[in-house]
Each structure stands twice: as structure tokens, then as C-alpha cells.
Amino acid sequence: MQPEEFIRQVQLLTGSEVKGQDQIDRESLAAILRDDGTPIDCSHLNELLLLVHKDRVEGPFFDHFFGRGCTVGRLPDCIAGFQKAALQLYGNFVFAYRTLSRIRDRREFSEKTAPIRKNPKSELGRFQKRQKKLLEIDLISRELTPFVGYISVRDIPVDLRSCEFLLTAVGAADPGAAWDQYVSLVEEMSNPEERPPLLEIVSNYRLHEPEANLSKFRTFLEQSFDTLSARKQEVQLVRARATKNQDTYLTWDHMDVYFATSMRKAWEYKDLYDFIERLMSADEFKDLDLRYFDPTQAYTDNRINKGLVEALMLKRAYCTVYSVQDTDTLGKDSELASTLAQGKPVIAFIPEVSVNERICQLAGEDPVTILERLRFVLYADEQMAQRLNDEEYGLVDYVQNALADYGSKRIWLSIPDPNAAAKLREDLGEDLVSFCRIIARAEKAIYDKRAQTLKDAHPLALQVNLATGVANGVLVVRTIAACAALLRRIVLSDMEFALEEMAGMWLLRERISGCVYRVVTNDRKLNNCFWNFYLR
Amino acid sequence: MPSDTKLILKRAVRTERWEHQERGDYNLDRFDQEFRDRLYSDRGREVLRAQSQALDGRNGERNG
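In order, the protein sequence lines correspond to chains A and B.
Heads up: the first sequence begins at 8 in the working numbering, then just goes up one per residue.
Heads up: the second sequence begins at 11 in the working numbering, then just goes up one per residue.
If you're looking for bench data, these hints aren't it; they were derived computationally from the structure.
Please note that the accuracy of each hint is not assured.
Said to hold, decoys possible - One-sided and incomplete, this derived list gives chain A residues near chain B with beta-carbon spacing under 8 Å:
# : residue
1 : V160
2 : R161
3 : T175
4 : V177
5 : S197
What the hints assert, rightly or not - As a list, the in silico SDA-like pairs of lysine to any residue whose alpha-carbon atoms are at most 20 Å apart:
#  : chain 1 : residue 1 : chain 2 : residue 2
6  : A       : K272      : B       : R27
7  : A       : K128      : A       : E503
8  : A       : K272      : B       : L38
9  : A       : K313      : B       : D35
10 : A       : K313      : B       : D39
As the structure is a computational prediction, the values presented were derived from the model and not from experiment.
Just so it is clear, CB atoms sit at the ideal spot from N, CA and C, and this is done for glycine as well.
The shape of chain A in the complex, shown without the other chains (with noise of 0.2 Å):
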């Protein structure tokens, strides 16, 4: 090793410059480091140390950083070690080689770089040692999920409530009267800022049922009403259970995992079910049996306490896997960001769409639920209509137009109507394909935008542990198997860094999700006012 060399690598080990280099001895530096082979002990570092006026290491920092097979030529990649470890455990090389290099007690050392120390087999065996749960989730089916949803739900009571109006405006007309009798009893009974509806699902009867009458509408009326008080009574009773599942996740000794999300249609509870059941069943999990808290499993009916139940759930799991979709909200982005602040590992999933296939899952979705997707897109990808040709344009203005149609002549808004989805389907044919194209190409473009943000572009998606300062980056993945590659390696301790100097900023960047874990910058101004409000 040359000495400008060796003196650049002193540079790297102390994150300082070495000063008074004109009166550095270089051709004794030479003649020690002319060979690459020879052995390099604690007192030998420490005499190089001194040649280029810095100040010398303890033995536990060499024993941990160096150890005993360092030689002259293995001296970069001990001290990349060290970088790395440094960027870790302080986002500062000065202040983790003052901190580690001076401490003489071998338990101290061992104390101030636990963090980085785990071994994942004994990580594994913490795991495998791990109790079995008291108590199990009482685990909610995918169709129920949207049942623990707030807003969601709202459609039952406004059916259930509508349809006892209704039926009370039908004990209230005179026998055999007509329609038009009725709906004028109906204008007559009703608060006129609720009219609508009331009126329209008269008329959407109407439309299915041309040739009933007042009476056969009654009947409809008490058969829809049952059923409708099912419904009402089936969302309670799994909210039941999703209440005493959120108190199940309270007592848990163990959180391993929080997901976080926001979900407010129907299909977002469905869409996160399949993401957590198809990433939690992965190989990866069999052996270490994680706790986790799935949002679509757990219930309160509180503001107040769901926001502090969440709260809690941050501060006790291990790691965040943020699961995006088409918009950003406060919600999961302030999860996100309560977690990076704690220090805590974020995995951002951002699904990579494969167009064919999503085309299948979307066009047999319920029309409606389609037509709401189009909306999300429209909202997320503005220039997404501006993009479409002529001939796409007519068709997503046709194909809009008949589900639009579909969803205003729906009787109820809750019960599904699976002979009238499948005969529009029908009716729409190859029209309905071409559609879910459109928005599956949307929405890959939206979730490959928003990874190529988070990943490379966006300020945020690197954020401070507030107690420490070290930097925490989002670590964005876009498949199943790379989540669960990296969620595994996360609990265990085991994640892979490269170290990279960009432009005079040292970067660690995780192997798996290929993104800015911590850093260190170059800017003398700005490292120095923050570092006096972290480490003094």
C-alpha cells in the first residue's frame, strides 16, 4: 500500500482530515506498508496512527474492526467495516471513532455496538424459543373484512333504514293505491334533502319490475328488509370479533410486524387481506412463527383509542411494512414516518403490475368496484386521460357511461345484484378488457412512478431517528417474494449493505430493496449544526 493511500484510508477511519501531512515521515510509511502481507496487531495500527497525527485505538475496537488475520492489505476492508458499523450505529464516522475507538472495557464495547452485533442464528433460536400465543386471532374471512371499515359499511344502514321508510310510506298508502299515490306519499313523509335516494329507489324498482304493483312491492320491501337486517347484524357481529381481536394484539407479549395502510372502500380491505395472507404464508415465515398486527383484523369504535391502539402497535413492532396504493394519506404516511423515527426498518411494498394478469383480476371485479378504480386512478395519475388516444378515449367514456348506468339503477347499494353484473359484462364484452386495460396500465404507471420516487427522488423517504439522528431510509421492494426475502433478514439481523461514496457522501445501501439505508454528508455546514443539537 502506498502512503497516500494508507493516509486516505487513516481519512476514511477518523471521518477527518489528516492534518500537517508535510510533516509526515512518508518514506518510513513506505518501507511499513511496502508489503500487503505483512501482519498488522493493535500496536502496530496504532504506530501508523501516530505517524499521520491521529489518535491511537483500544484494543476492543481493533479486536471487533480489525482482529487477528489484519495485514497492511486487508487494512481498506476493515476500515469499510468500520464505516459501515459507524453509519449504523451513529450516521457519523467522527463521532463513532471517538466514541468506539477509546473504550477500554470489552463489556462496554460490546454494550455500544449491540445493535450491529446479532447474530441471526441466535436470532433464529430467539424465535424458535419463543412461546406459542395464548391467544390466537379469531381470523376474519376476506369477504367479512370490509365489515371492520367505517365508512365502508354505511351503505347497510342507509339501505336497512331507506327500506323501512319505504315500507312505512307503503302501510301509510291506501290498499290497492298506485304508484303515482305512493310517490306522492313518499315526497309527502320525507325530509326533502333525503328525497332523492327514496325516490330513486322507487323508480330503480320500478325499472327491474315493470309490471308490479304497489303490493308486490311490499313483499320486495320485507324480503329486502330481512335481509338487509342480516347484513346490519352480520357487520356487528364481526366487528365483534374484530374488537376482541384488537385486544388480542393489545395483550400480546410479542409484535413483530405492523402494517400500514388506509383503507376506506370495500376493496382495499380485500386487496390488503390477499397482500398480508399471500406475504405471512411465504417459506421464509414457517420457522419463526411472527406476530403481526393486520389492520383488517382488528376493530375499534373510537377515534380516539384506534388512533392510540395504532400508536402503541408502532412503538412495540420490530419493523413497518407500508403497503402503497394508489394515494398517499395522513394515515399510513404518518406511520411510516413514526417508525422511521424510532429507528425502525420501513419496507415499502409497492406492487409491480403485470398488466395481463391484472386485467383479469379487475374485469372480474363488481362493476361498480371497477368504476371506483377508475376514479382512484384518475385521481393518482393526472395525466392518465390526457395520454389516451382517440379511439381509447371513446371507449373509457362509453365503457364509464354503462357502469355509471349500472350503479345508479342498483336497487340497494349493499346487496349485489350478481345476474345484473354478469349480463352487463356480457353486454360490454371485449369493451369491458380494453377498459381494465387502460387502468391496469394506469396503474402500473402510478406504482412505478411512486418506487421510483420513494426510492430515488422523494426527501422524505429518508428520515432521522429522533433520539439519535442517525439517518433511516425506506427500503422499497415490488414483489412478494422480495418483501418476505427482506422482512426475513430484518427480524434476524441479517440484512446485507454495500458501502458507496457518491459525490463525497457515504451511502450504505441495502442488497435486497437496492435502496439508501443510512448516510453520512459532506456538507461541513450542515453536519456540523446537526450533530450539535444530536451529540452535545
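Following the hints, put chain B in place on chain A, whose structure we already have.
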């Protein structure tokens, strides 16, 4: 933005109504009750009350 794009964006699936508004209270029974109260005019409430009383009366006779 071209006018046709605006057209697509403007077309809402459903008109925003009282029941879609954000609430801090997630109690479904309370929502149910409040929505029920909103549906009826004064005349409608009278009819509802009369029908409920008649129903209670018939049930009372049957039980008595």
C-alpha cells in the same frame, strides 16, 4: 387540461351525501339512528309513530 379530461374527472360515481361525510364517531347503531331520524319529515314521523303504536297495541293484545 383538455376539456374532455375535465369531463372524465368531473363525473362522480355518487353525489356526496350526509352519510358519506367523515365522522369521529364510528358507532354503527348511532349512525343508523341519526340517519333514520334524517329520513322523515314531521308528517313522516307522525305516520311512523302511529304505525309503531298500532303494532305495539297488536302485540300487546296477542301477549295479553
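Hint check:
Residue-level restraint check for A:V160 holds (minimum Cβ-Cβ distance to chain B is 7 Å; threshold 8 Å). With a least beta-carbon distance of about 5 Å to chain B, the hint placing A:R161 at the interface is held under the 8 Å criterion. The criterion of a C-beta within 8 Å of any C-beta in chain B is met by A:T175, whose closest approach is roughly 5 Å, and the hint holds. Checking A:V177 against chain B: minimum C-beta separation of about 10 Å lies over 8 Å; hint violated.
Among the interface hints, the one on A:S197 holds; its C-beta lies about 6 Å from the nearest C-beta in chain B, closer than the 8 Å criterion. Restraint check: the Cα-Cα separation between A:K272 and B:R27 comes to about 16 Å, which is no more than 20 Å; the hinted pair holds. This hinted pair checks out: A:K128 and A:E503 have alpha carbons roughly 15 Å apart, not beyond 20 Å. In summary, the hint linking A:K272 to B:L38 is supported, as the alpha carbons are separated by about 17 Å, within the 20 Å threshold.
Our distance criterion of 20 Å between C-alpha atoms is met by A:K313 and B:D35, whose separation comes to about 11 Å. At roughly 18 Å between alpha-carbon atoms, A:K313 and B:D39 fall within 20 Å of each other, so this suggested pair holds.
In this structure, only the earlier hint numbered 4 is contradicted, and the remaining ones agree with it.
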